[in-house]
Each structure stands twice: as structure tokens, then as C-alpha cells.
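Asker: Hey, can you work out the whole structure from these sequences and the hints?
Residue numbers (numbering that gives the first Met the number 0), protein chains in the order written: chain A, 0 to 339; chain W, 0 to 252.
Because the hints were derived from the structure by calculation, they are not lab data. Please note that a few of the clues may not be correct.
What the hints assert, rightly or not - Below, a list of computed lysine to any residue pairs in the SDA-like style, where the Cα atoms sit at most 25 angstroms apart:
(1) W:LYS109 - W:GLU212
(2) A:LYS147 - W:LYS205
(3) W:LYS109 - W:THR204
(4) W:LYS246 - A:LYS118
(5) W:LYS205 - W:PRO93
(6) W:LYS215 - A:THR128
(7) W:LYS31 - W:GLU72
(8) A:LYS118 - W:LEU137
(9) A:LYS140 - W:LEU94
(10) A:LYS140 - W:LEU216
(11) W:LYS17 - W:GLY228
(12) W:LYS1 - W:PRO174
(13) A:LYS172 - A:GLU306
(14) W:LYS89 - W:THR102
(15) A:LYS296 - W:PRO223
(16) A:LYS147 - W:VAL69
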Amino acid sequence: MANTNVFAFAESRGGELRRAGLEAVTAARQVADSTGGQVHAMLVRRPEAGGAAAGNSVAALKAHGADVVLLLEHEGFTNYNPEAIAATVAARLTSGAYRAAIFVASAQGRDLAPRVAAKCQWPIASDVTEFAVGADSVKVKHPGYTGKVIQSFTLSAATAIVSLRPGAVLPKKPDAGGAEAGGVVEAISPAIDPASVRVVVTSTAQSEGAKLDLGEAPVIISGGRGLKEAANFKLVEDLAAAFGNAAVGATRAVTDEGWRPHSDQIGQTGRLVSPQLYIACGISGAIQHLAGMRTSKTIVAINRDKEAPIFKVADYGIVGDVLEILPVLTAAVKEAKKGA
Amino acid sequence: MKIAVLIKRVPDMDVRFKIAPSGTAVDESGLKFDISDFDGYAVEAALQLKEKQADPAASEVVVISLGPDVVQETLRKAMSMGADRAVQLKHDAPLHDSYAIATALAAELKGGAYDLVMFGRMSIDTANQSTGTIVAELLGLPIVTAISQLTVNGGQVTARRELEGAYELIACPLPAVVSIDEGIARPRYPSLKGIMAAKKKPLETKPAQVGEERYKLDKMELPPERAAGRIIGEGKDAVPELVRLLKEEAKVL
Ligand SMILES: Cc1cc2nc3c(=O)[nH]c(=O)nc-3n(C[C@H](O)[C@H](O)[C@H](O)COP(=O)(O)OP(=O)(O)OC[C@H]3O[C@@H](n4cnc5c(N)ncnc54)[C@H](O)[C@@H]3O)c2cc1C
Ligand SMILES: Nc1ncnc2c1ncn2[C@@H]1O[C@H](COP(=O)(O)O)[C@@H](O)[C@H]1O
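Answerer: Here it is, written out as C-alpha cells:
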């Protein structure tokens, strides 16, 4: 039989399924519907005491289209364990019948997917924004050159790994198919002992910065040197809180000053984001910053210099003092949210 | 300590690219080229590691680049920063499959007795973030990717990786492969003395043993232009209009 099944890596952290996992399963469902195969989603975690969260993750994967949830449980999975997980995924993929494996290019996915590709000797397409799986090839689009050039590739192989840009496929429950009720759970064991690996993640900790994740938030409020000092980021955080679904970002000028952690940096050498709404506060709009956010759906800029390059990409610009405007905008957003 | 740093030559990104008539490459006329951003951080991190050794002269930093003869310029720059010697893996045609590139890099690194092999987190042009990992797997070495902090002590690497809203601390024994994110160190500017010294440092050229390419580049294109920006007003009085537009036009509120 031809390879028709599609593997999806269902990323979790601290036992909790992440949005990236749902995106992978949603994409895998789309492929499997065209190949006529099944979606197998792998969830990795420590054996839980059967708590509600544990069951919820499995249910969510099934509801998003997983026919089989491959449950990889082991005490050694307190933190991300790249070597044991990669070995297990690769063993599964090469056991047969898989047409493609879908990952999401989050921090974890970007680490894991090439490991699996190397072990399976499958070609890998990274950070993909669009893709189509054919009988013996996979076609993908991938933004390169800091987002300034879109590359279209054909991977000629009967099996391939596709690592999707976060947000390229939005989590969605299939309309039909009754996946909600169906789906089975298959317990699998690690291909190598998770305790005898070389690369050991000794701890995972919350960053000092944003509460909501830049890669997942539909709204990003970003601050630049125009905020003048670290304490004024309170104004940015207040606006983010008013939106309720917003994360806080920053420019390199700001992370260099130590006003925000490096993980908040957006741009060529920071995070690449494309939220629904990006509000740039006191940001000049240097080319390296634009590289990380120019694909945002709607861009708002607040800057006192009407010649600032950020206004060239902003759908809506306000010229003025960001310290004065932010509190007013925060109040107005709160008001608007109340009405909604 | 013996350290290898894999560096790629890429165009400066602060330009408006044009697509070449072939439709599968950028038009290189007028472009300036340099070491890919993260690879520059890796060179700097390697030099700092060497300088921290009890006897720096006993350590060696080797820079390696795969590509046509123009990559020699890139290798010279890394040597002018302080790398000790360089290897060009000569290959003239463009390559797109990170597996094919990794095969050639691994063939060169194999048997080199490196304690540490350093990559950039990703190349700034193709942005795959996969070459280093495939090389590590081909060499059978552990890899720690995308690290923003690095300590090497007593045969052990400790590192930090930024995640979405979190970070991880990671340990791994040497020999190892690492890939470098921003945060460790900015590349130094070559001194005049460094530039002079680099001219005399050894640069070896060998044919690259690239693997099979399973990628075909069908097309390169520029993304759709954003509509020109619009200033809606000045000062806090413009806020109500902004909120109205976010609600009614952009529908994000
Ligand atoms: C290799 C390389 C990689 C880089 N990578 C990145 C990257 O990933 N991300 C990144 O962001 N940068 C990056 N940079 C840096 C980039 O070039 C800029 O220096 C940086 O983005 C500028 O940050 P900024 O806009 O906060 O500061 P500035 O450029 O100093 O701009 C501050 C802005 O605030 C405005 N302002 C001042 N006061 C007020 C006020 N009271 N009210 C309203 N507006 C005010 C000013 O008019 C100005 O436009 C990189 C640079 C290099 C060389
Ligand atoms: N042609 C090349 N020569 C040397 N090193 C390379 C080359 N291509 C990629 N690399 C290395 O691999 C890293 C990751 O590249 P990529 O997988 O293309 O994002 C780069 O940062 C370099 O360290």
C-alpha cells in the first residue's frame, strides 16, 4: 500500500498541549484528507496521575482531526528531551506508511524537525507558509532573505518533513468526519532511554518578559527607544492588558539597553512575527526591525517624528508623544472592549 | 581546544532585492556580501572561547565555508577577526537542500578532532535552521541549537535557549555541535593588524563532496507590496479615530 498516513508532532510544554500542536494536527488533517490516510499525532509527556489536563490534550487532538493519538509517556519527559523524542519519532516514521510528517517551526519544532529528518534521511522543508503534498513530491513556499523573497521549492521524495511557520495554518476542527467522537490512543514507548541521552535540558523557566507568547498572540504591542526608559514599558503592558490577547515585543535598541529580555526582540536577529495587529510605539522602523514584523496584517505606528520609516509600512499612523498617547489609547481600548 | 565555525556568505539584507531573469535567483549586481549574521556571532563566540583558555595559543579556531571562490573573501574576514585558518569547500552551483550541504560539511569535519563545532542559528538568506543539526547527526555528535548563552567548562557545555515566553538551560558533553543565536556576543570589527595578519593565514581549497539534492527551486518572487502608510492624525486627539478604524476597517477590536 502506498504511504498515505500523516504524522503530526503535537508540541507540549510542562505536560500542556501548545497551540503549535493543534496547528500541526490541523495541517496534517488537511493532507490526510487528500491522501486518504490517517492522522497520527504524537504527544510527549510525563505519566500524569490521570488529571483533567491530561485527558483534555488528547481530546483536543482528536477533535482537531487526529485518528490516532500516539501517547509517549515517560518519567524522563519533565523537560524537552530532544534526543529521545527525535529517536522515537524517527523510529515511528520509518516503520512505514507515512507520507509526510508535520511539525510547527516553534523554538521546539525548529530543534526537533531537522533531527528527525536527519535520522530518517527525509528531505525537510523549513518555515513553510504554504504547501501541497502530491503523490511523489511536496511543493512548498518559504520566505527567505528576511522575508523579502519568497522561495517556491519542490521536494522530490515519497516521504518528507514539513515544518510550518507558526500561524501559517490556524487550528481548526474539521467540519465533518466525526473525529470528535472517534480517535484512538496508542501508548508508545521511547526508542532510546530518555535518561541516557547526551543533550539534557536541565530546566525550563518562564522568561522575565511577556506573559503571552509573541508567536501565538494575535496582537503585539511593541516598544522602542522612544519609550525612553524601562519603567515606561508599563504603558505598553497596560495597553496589552487592555486588549487581553496581546503580547509585548521590543526592538534591539531596547533589548540592548536591558529594558526587556532578548526573547522579546522582534526583527532580523530576533523573532519573526505576523500578528493580526502590530502596534509600534516609539519605534523608528529600521530595516532589521521591519524584517521581523512587516507581514503583520494591520500595523499601527506611534512616533513623534513624522518622517520615521515606520510610517511607510503603517496602515495607521499617529504623530506624537507616545508617553502621552498610550494611556489615552489604553483607556479607549478598554472602553471599546467593554462595548464588544 | 579545537573549534570549527561554519560560515556562509550572504548578501546584506538592507536593500530592495530584484529577482534575476532566471526567476530562481536574486539579481546580485550591486549587492554587498558579508558573513551571515548568526555565523558572525558564532565566530565571535569561538574567538572568545579561545581567548579564555589558559593557553590560547594552544587552541585553534578554523573557519569553513562552502561555495564558489568568492567565499574566500568571507573566510579572510573571519581570519582578520582572529580565526587561525580557513577551508573553502569549493562548489560553484547554488545549493538548496540543507541535507546536500550538510553532507559536504560533515565530510570535511569528520576526522578533524574538533572539540566544538559551531554554526549560526540559521543562515539569514535561506533561513532553514537545519544544516547544523543534520551535520551533527551525520557525525554522531550531540547538538544544542539556537543558544543565547554558552559556557564551556571541564568538557561540558552549558547553554541557554530562548523559547516562546520561556527559556531552557541545557547541558551536553564535548565534543559537541552548537548553533548560535543572538545574545552571546556581537562580532568584533577586524583591526588593521588583524587584516594584515589574515593575508598570511592558511586558506585551503578543496572540492565539496555535496550530497544528492532533493530540492528543486521552482521560483523566487518578491512578496506583495504593502499599501503605502497613512497618517491619521497628531497627538492624543487622533486616538478615537484610530480606535474607530481598528474596529470598523481593520476589524481587530
Ligand atoms: C545585524 C543587525 C541586526 C539587527 N537586528 C535587529 C532586530 O532583530 N530587531 C531590531 O529591532 N533591530 C535590529 N537591529 C537594530 C536596528 O538597526 C535599529 O537600530 C533598531 O531597530 C532601532 O530601535 P528603535 O526603533 O527602538 O530605536 P531608534 O531607531 O532610536 O528609534 C526610536 C524612535 O522613537 C521615536 N521617539 C523618540 N521619542 C519619542 C516619543 N516621546 N514619542 C514618540 N516617538 C518617540 C524617534 O522619533 C525614533 O523614531 C539590528 C542591527 C544590525 C546591524
Ligand atoms: N554554504 C555554507 N557554508 C558554510 N556553512 C554553511 C553553509 N550553509 C549553511 N551553513 C551553516 O549552517 C547554518 C544553518 O544554515 P541553514 O540551515 O541554511 O539555516 C548557517 O548559519 C551556517 O553556520
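Asker: Are the hints correct? Go through all of them and say.
Answerer: Against the structure, the hints come out as follows:
A threshold of 25 angstroms between alpha carbons decides the hint, and for LYS109 (chain W) with GLU212 (chain W) the separation of about 21 angstroms falls inside it, so the pair holds. Among the hinted pairs, LYS147 (chain A) with LYS205 (chain W) is inconsistent with the structure: their alpha-carbon atoms are about 33 angstroms apart, more than 25 angstroms. Under the criterion of a C-alpha separation no larger than 25 angstroms, the hint pairing LYS109 (chain W) with THR204 (chain W) is consistent with the structure, at around 17 angstroms. Distance hint between LYS246 (chain W) and LYS118 (chain A) is unfulfilled; the C-alpha atoms sit about 49 angstroms from each other, more than 25 angstroms.
Restraint check for LYS205 (chain W) and PRO93 (chain W): satisfied, since their Cα atoms lie roughly 17 angstroms apart, inside the 25 angstroms limit. At most 25 angstroms may separate the alpha-carbon atoms for a hinted pair to count; LYS215 (chain W) and THR128 (chain A) meet this at roughly 17 angstroms. With a C-alpha separation of about 12 angstroms, the suggested pairing of LYS31 (chain W) with GLU72 (chain W) holds against the 25 angstroms cut-off. At most 25 angstroms may separate the alpha-carbon atoms for a hinted pair to count; LYS118 (chain A) and LEU137 (chain W) meet this at roughly 9 angstroms.
Between LYS140 (chain A) and LEU94 (chain W) the alpha-carbon distance is near 17 angstroms, which keeps this suggested pair within the 25 angstroms criterion. Between the alpha carbons of LYS140 (chain A) and LEU216 (chain W) the distance comes to roughly 10 angstroms, so the proposed pair stays at or under 25 angstroms and holds. Distance hint between LYS17 (chain W) and GLY228 (chain W) is fulfilled; the C-alpha atoms sit about 22 angstroms from each other, no more than 25 angstroms. Of the pairs offered as hints, the one joining LYS1 (chain W) and PRO174 (chain W) holds, with about 10 angstroms between alpha carbons and a cut-off of 25 angstroms not exceeded.
With a CA separation close to 45 angstroms, the supplied pair LYS172 (chain A) and GLU306 (chain A) exceeds the 25 angstroms bound. Distance check on the hinted pair: LYS89 (chain W) and THR102 (chain W) sit about 14 angstroms apart at the alpha-carbon level, within 25 angstroms; holds. Distance restraint check for LYS296 (chain A) and PRO223 (chain W): the Cα-Cα separation of roughly 13 angstroms lies within the 25 angstroms cut-off, and the hinted pair is therefore satisfied. Of the pairs offered as hints, the one joining LYS147 (chain A) and VAL69 (chain W) holds, with about 23 angstroms between alpha carbons and a cut-off of 25 angstroms not exceeded.
Taken one by one, the earlier hints fail for this structure at numbers 2, 4 and 13, listed in ascending order.
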